[in-house]
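Trainee: The lines below spell out each chain.
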Amino acid sequence: MRRKEGALVPLEVSILGTALELRSRGVAEAHGFLLAKELRDGSQARRLTAFGTLYKALDRLERAGYLASRWEEPDLAAADGRPRRRFYRITLTGESALAEATAAEQARALPRSAAVQPR
Amino acid sequence: MNGSPVTGLIRGWVDLYTRGMPAELRAARRDEIDDDLWCEHEEAAATGRSARSRDTDLALRLVFGIPADITWRLAYRGRATSIIERSPTMSGRVLGTLAIIGGLAFGSLLILFVPFGDSVWTGRFGVFGVLGTLVGAIAFAGAAAGLATQFPDRIGPLGALGALLAVLGAIGSMGGSTGLVTLLPIGSAMLSWDIGRSGVLPRRLSVVHAAAAIILAAGLVVADLAPADVGSRASFLALFTPYLLTWVAIGLSLLRGVPLPRATTG
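As given, the protein sequences belong to chains A and C, one line each in that order. Following the numbering used here, the numbering of the first sequence begins with 3 at its first residue and continues without gaps. Following the numbering used here, the numbering of the second sequence begins with 360 at its first residue and continues without gaps.
Calculated directly from the structure, the hints in this document are not laboratory data. The beta carbon of each residue, even a glycine, is placed where N, CA and C say it ideally should be. Wrong hints could be hidden among the right ones.
Some, not all, of what chain C presents toward chain A, calculated at C-beta under 10 Å [stated by the list, open to error]: (1) V373; (2) R388; (3) E399; (4) E401; (5) D416; (6) L419; (7) S446.
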């Protein structure tokens with residue numbers, strides 16, 4: 003089934019939420035591994051999000067304008083003796099989309115919680 | 360970062376599923392995964408995890424992500440076709456007009472052919488029938504030749520050969536040569552398939568045109584090309600109609616816009 007254009011899947015909501023959370027902790031930009039690590043730690047999962055799932059989600063979020071990315075200077079990576087790194091940051095559009103998705107999720111949760119309330 | 364078998368497997372998989380993509384995108388995906396692998400190795404070393412545990416996790420991250428890798432790659436292919444920049448151009452307008460004129464001219468003649476038969480070309484007003492045939496044939500020949508020459512960076516051998524056959528078929532239709540007339544749908548099927556694949560025409564339209572053309576070509580091989588009764592002539596019209604309508608649709612598509620020339624590098 004093709005999903006609605008612009009609709010966020012739970013992983014994408016989690017990524018945006020993680021990017022926002024990292025920014026509030028002073029980390030304005032995060033690379034793929036750091037995001038995956040934060041997602042794992044936040045959900046108490048045993049392992050990191052699969053490569054394909056993670057980078058496909060990041061690609062989609064960037065194309066939707068919810069994330070922006072930049073490649074670091076090659077000299078910095080070379081100085082550290084590691085591959086070059088791509089950094090993502092959440093955009094204003096991404097923040098709005100996250101707020102909408104969170105509000106929609108809460109609205110869906112309300113009727114469910116009301117249904118289980120004792121009468 | 361060492362070259363463990365799992366790391367090599369992951370790199371090999373990235374190399375495989377990004378094959379055929381623009382070099383910049385391939386390098387971006389490869390570098391991003393490389394950085395991720397480097398980080399995972401560093402973290403494992405810092406936390407004292409065993410190489411076996413680390414490689415098991417990496418292998419699982421690879422395996423569980425394969426469906427997403429494949430759908431990402433397939434979606435990229437779709438995007439690459441759909442992001443072709445189109446713009447109305449003078450040559451596109453001319454070619455589009457020719458395609459529409461060809462379709463309408465032959466269509467009008469065939470509609471008249473059902474009740475009047477061969478007298479459309481030989482009767483009192485036969486001059487209009489002959490004129491209509493000439494106009495339609497020249498329009499089709501011009502459209503086919505123009506499609507082959509206006510998009511040299513997008514036309515392949517199949518399209519070039521198809522255009523040649525279509526031109527011969529269109530010219531043959533002026534003289535009523537059965538064998539040559541059949542070349543028109545055969546050639547235009549090949550041409551439309553090729554230019555649909557390269558983005559000159561919307562893919563669906565090129566497929567529909569090719570299908571209608573193949574049906575018409577098959578019909579022309581087996582049908583009686585000089586039907587005597589109205590019913591047979593109506594069948595003849597029914598055989599031609601989808602093909603001619605798709606020519607009109609091709610014309611409208613060309614009027615709306617054609618791909619801009621690809622940027623050259625270096």
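Trainee: If you take the shortest Cβ to Cβ gap from C:E401 to chain A, is it below 10 Å?
Mentor: holds (8 Å)
Trainee: Given C:D416 was flagged as interface, is its beta-carbon under 10 Å from a beta-carbon of chain A?
Mentor: holds (5 Å)
Trainee: Given C:L419 as an interface hint, is its Cβ closer than 10 Å to any Cβ of chain A?
Mentor: holds (6 Å)
Trainee: For the hint on C:E399, just tell me whether its beta-carbon gets within less than 10 Å of chain A.
Mentor: Result: holds, 7 Å to nearest chain A Cβ.
Trainee: Would the hint on C:R388 stand, with a C-beta cut-off of 10 Å toward chain A?
Mentor: At about 7 Å, which falls below the 10 Å cut-off, the nearest Cβ of chain A leaves the hint on C:R388 intact, so it holds.
Trainee: Quick one, is the C:S446 hint okay against chain A at 10 Å, beta carbons?
Mentor: Violated: closest Cβ of chain A sits about 23 Å from C:S446, beyond 10 Å.
Trainee: Any CB of chain A closer than 10 Å to the CB of C:V373?
Mentor: Interface hint status for C:V373: holds (8 Å vs cutoff 10 Å).
In the structure shown, a violation is registered for the earlier hint numbered 7 alone.
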